[in-house]
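Enquirer: The primary structure of each chain is shown beneath.
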Amino acid sequence: MGGPSAILVDDEEDILPEYQEMLELEGIDALVTSDPEQAFHMVCATAGIRLVITDLRMARLDGAGLIRKLREALPERNLRFIVITGDATVVHDPAEIGGLVLLKPVDRGELVQAVSKALADAV
Amino acid sequence: MMSTPAAPDLAARSRTSLREILFALLVGGAAMGLNFLEVQLGWGLHFIFGNALIFAFLRVLSPQAIILAAGFASFRSVMLWGHPWAWLIWTIEAAVLAYATRRSAPVRADILFWLLLGIPLLALTYGWIMGMDRTSLMLVMGKQAVNGVINVALGEALYLGGLIVAARCRRLRWPTVSIEATFQMFTMLTILVPTIIYLSNDAPKREAAAREAVAARLEDRTYVASAKLDNWRQASEVAIRALVHEVVETGEPNRSTADRLLTDFEAIGVAGPERDLKLLAGSRSPDHAAALTRASAGADAVRGSAALATYTDKNGEARLILIVPHNAGSGIRAVALLRRDAFARVLSGRSHANELDVYLIAPDRSILRIISHDAAVLPAQRQLSAQVLNEADRGAIVVGPKTYGNSVMSDLKQAAMLRAVFAPGLPGWQILAGASLEPGVLRARQEQSVMFLLLFGLIVAMMILSAVLARRLEISLRRIARAAAEVTLAGTRPDRVDSMVISELNDISVNLATADSEVTRERSALAGYQRRLLSIATHAPVVVYALGHGSHFEGRLLYISDSLDKVLGYRTIEARTIGWLLRKIHPEDRPRYEAAIARLQQGDAVELEYRMRHRLGHWVWIYDSIALASDPYFKRSEIVGLMIDVTDRKAAAEQLVQADKMAGLGQMVAGIAHELNQPLNFIRLAVDNLKERANRNMLDKDRLVQKFDQVSGHVDRAAAIIQQMRVFGRTSTEPARPISLIETVNAVLIMVRPQLLGHRITVDSAGVNPDHMVQARPNLLEQVLLNLFLNAEHAIGARMQEEPDLNGQITLATRREGQRLVLTIDDNGTGIPPEAMNKLFDPFYTTKPPKEGMGLGLSVSYEIIRDLGGEISASNHGNGARFTIRLAAV
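These protein sequence lines map, in sequence, to chains A and B.
So the first sequence is residues 2 to 124, counted in the working numbering.
So the second sequence is residues 163 to 1052, counted in the working numbering.
The reader is advised that the hints may include incorrect statements.
Unchecked claim - Mimicking SDA-like on lysine to any residue, the simulated pairs with C-alpha atoms at most 20 Å apart in a straight line are:
id, chain 1, residue 1, chain 2, residue 2
1, B, Lys853, A, Ile68
2, B, Lys853, A, Glu27
3, B, Lys853, A, Ile29
4, B, Lys869, A, Leu17
5, B, Lys869, A, Glu13
6, B, Lys853, A, Pro18
7, B, Lys746, B, Thr809
The hints are simulated quantities; they were obtained by calculation from the structure and are not laboratory data.
I would like the entire structure built from these sequences, with the hints used as guidance.
Expert: Dropping the structure here:
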């Protein structure tokens, strides 16, 4: 496979290298960005991307908005979504969000498993 | 009008100064001058008024000065009358009055003086020493006493007039006049002034009438005497000529003619031209012959008509000789010695009663008594001047043995009236009739003395009456005054005062009784109010106090209610030490209390809360409403405070603050959890990655160290978040201190910014000046800001429901406004609805749906800012709400 297959969005810039390192260690080529708008454009521009991992609460465009926007913009792409949120006090309905919901601090094994499963499903 | 205030004035003047002596002499001199203005009472009697001027100064001059003035004024009488008695008695009168005026009404004192001292002294001096007759003495007594009383009454009137003038000019403080003195002055003047006026009109008329009556009698007498004398002379001349004729014709006198002549003549002779005397009839004594010879020799001047000659016989008695010339040119003349009583017989009237004295005045003005009485009008040796005789010839005149200057308080009864006529046919001779004025004077004096004694009796009676009346009046007035005092003091029912004499006093008494019942009613009502107020002051959990302000009462507790014990455990007596209140106020709150008092203006009321130490040691929160009130009665101002124990309310408020914090925490918890999860997430990922690399032997040291630094940084970040949550801790009692507004804003933003960002709300705090500092308790101010942020978030969130694309914006700015700093927090939310504006800061008021807020935030914020001495207010700025906080700048 050539090119990145996943993108990770979190407006917390510090965390991005860690996410990238973790995905690389698992052999997953992923793009990272702190800007959801940029993430939208990157997904549209990169056809190989099948998985979008996103934070939920972000300043300009939140995770749910990004997911909704991508679904509307790219209905033909079988995009999978994983949401990682620090908002522990709210019970998130995966169906509503349209993807798997993981809580911060995220468990590495859980995340890797979810990513692997999502990429496999999306093939 | 009581005379008591006079006492100190007189006492102060009791030492006579040189100035006073000079003034006394001046008054005495003026009085002496005034004595010349006398009122004639007839028959040498006068009233003099000089002493009235002196008596006008009885109350204002020292006794010594009064005596000096009186002695000086009347000293002239000693010179005038040749005796010091009147002067002495007047001076004693002045002395008695000068000393008696301090205790008694002057008029009464004067009347008593005359009764007890003046009249006895007159009796002693005038009567016994000078030997004045009883009638005159009575008159003198009555007149002197009345004159004295008039002078005192006039003096009183002068003084009263002066007092009325002096009352207008407040500088002069003259002693007032008693009721009795006023009464007596009016009474005496009313009795005496008309009497004097009447007397001064009437007495001279009566005197003149009496004189005219005497003069008329004298006129009659001289007329009759001169006619009788003329008849007798003509008859005697004819008889003597006839006798001489017979002697010339017959050489012998006719017996019967001679006998008839000898009834009037003692010896008759005839002298020829050679002056050889030949006795014709009667005595043949050589003395008589010699006298007749001298008379015939000295009769050269006699030409043609008869003449009289005088001769003094061996007994020293003046005798008369009638010289009758015979035929003109013959040189023969007859001389006849008159018998001693010849003229008396010729000239005497029919009755001897009311007989007037008759004299013959020789050409040499020697006086021959013809008819006279025991008290002869003219003593034998007395010579009358030609002038007197000339005047008497023109009409009756008054001659007196003594005249004393212009004041003829003399024995006028010794005065007499004289009338002279020229004897017809006897050139150079005059018939003089004299009448003593004594009977008229005595009669007038008797009438006058009766009148004066009656007058003095009336004066005494009126004095007694007015003294009694004044005494009654004084008693009534004193009782009324006491009753009035009782009404104002105790409100006890005064005895009803019946004056019985003066109707107005009865009216006053009735009015007083009415006033008393009114006062009693008012007083019992007042007592009721006072009882209720006292009950409130004692039992209500409110302490009322009054603190001296200004002057030497500064800081002194003038009053503090008994409820102090209830509220703070102290007895009021303990609180009465200077500075007690300040000492018991919490040291942190003391400056605020002092500042509040220093700022206090008249009429202001300031409310503040502070802690005070309870007697048992704990702190009590006091709400105090203080106001500056002036006490017009004591002319000082005081601070009146009303303390209420608000410890419970304070505790409740603190609980509210706490509840608000918890509510805030509830709203924040999601955000905080989210925020904490970020570093946790990083730490976990980093650790997991390191672990994975370690497992794969891909771990190099540099990466490891870098990772650990990053992890450590994120632990710090998490700790910082938790650190900022101290606002939710229970450390709200930390003291106020100067804090930077920007630091406070940043501390709050750390907590709320993530949550706000999550709701797409950005915060702009660029307008907060980093130099702006305020005095505040940091966590309480943070709580307020937190509340305002949460409030703004809610308002923006509500607006986002309508406008999903809205970007939330909160803008903070500070500015300086005089001594205060103003912090504004603007949002672009829904703004404050008008109906909410008034109750925005009420507790439990909220526009948020249930569960989202308890509605405590703004109310608690309001309380917090007020406790910090600031203000918080809300308004709309057009695109959302604006909250404004004003705090004292540091």
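Enquirer: Hints first: check each against the structure and report whether it holds.
Expert: Checked hints:
no. : hint                  : result
1   : Lys853/B <-> Ile68/A  : 32 Å, violated
2   : Lys853/B <-> Glu27/A  : 13 Å, holds
3   : Lys853/B <-> Ile29/A  : 18 Å, holds
4   : Lys869/B <-> Leu17/A  : 13 Å, holds
5   : Lys869/B <-> Glu13/A  : 16 Å, holds
6   : Lys853/B <-> Pro18/A  : 16 Å, holds
7   : Lys746/B <-> Thr809/B : 16 Å, holds
Consistency with the previously given hints fails for number 1 only.
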